[in-house]
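*Asks:* Sequence:
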Amino acid sequence: MSSHILGKAEGDMGRKGKLLVGLDIGTTKTCAVVGEITESGIDIIGVGACPSEGIRKGVVVNIESTVESIKKAVSAAENMSGCSIRSVYAGIAGVHIKGQNSLGIVAVKGREIEEEDMESAIEAA
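Straight run, no breaks: the sequence shown in my numbering ends on number 150.
A hint or two may mislead.
Stated by the list, open to error - No farther apart than 20 Å at their CA atoms in a straight line, the calculated lysine-lysine pairs in the PhoX-like style are these: (1) K54 / K82; (2) K96 / K54; (3) K97 / K54; (4) K123 / K82.
Simulated from the structure, these hints should not be mistaken for lab results.
Full structure from sequences and hints, please.
*Replies:* Listed below in structure tokens is the structure:
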């Protein structure tokens with residue numbers, strides 16, 4: 026799971042807009058949503074939710090159980106939307122959550138920047 030650039034999903038199914046994916050990991054439930062960006066806004070095309078396991082008072086106490094909850098919610102959203110989720114915007118709340126800025130650089134010369142270049146820069150960060 027990553028929370029970079031845009032949450033992404035793949036799957037044509039006649040869709041014209043870009044897809045946006047959100048994931049909310051809470052103490053009681055984990056939810057995933059897939060939206061298609063259209064001229065008039067965002068159309069929700071898939072959702073998934075399941076009880077959160079491995080989280081107590083907003084703190085992950087069992088990473089394996091938490092990962093399983095995430096997988097279940099994402100899988101349900103994929104099934105409903107007909108898309109394959111590649112990355113997400115993740116929402117995680119708590120007083121213990123902190124952000125850290127980081128910089129990643131990848132050399133690209135004489136060609137267009139591709140998805141793999143962006144992923145390499147994120148990994149380098």
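*Asks:* Can you name, in rising order, the numbers of the hints this structure does not satisfy?
*Replies:* When the structure is compared with the hints, none of them turns out to be violated.
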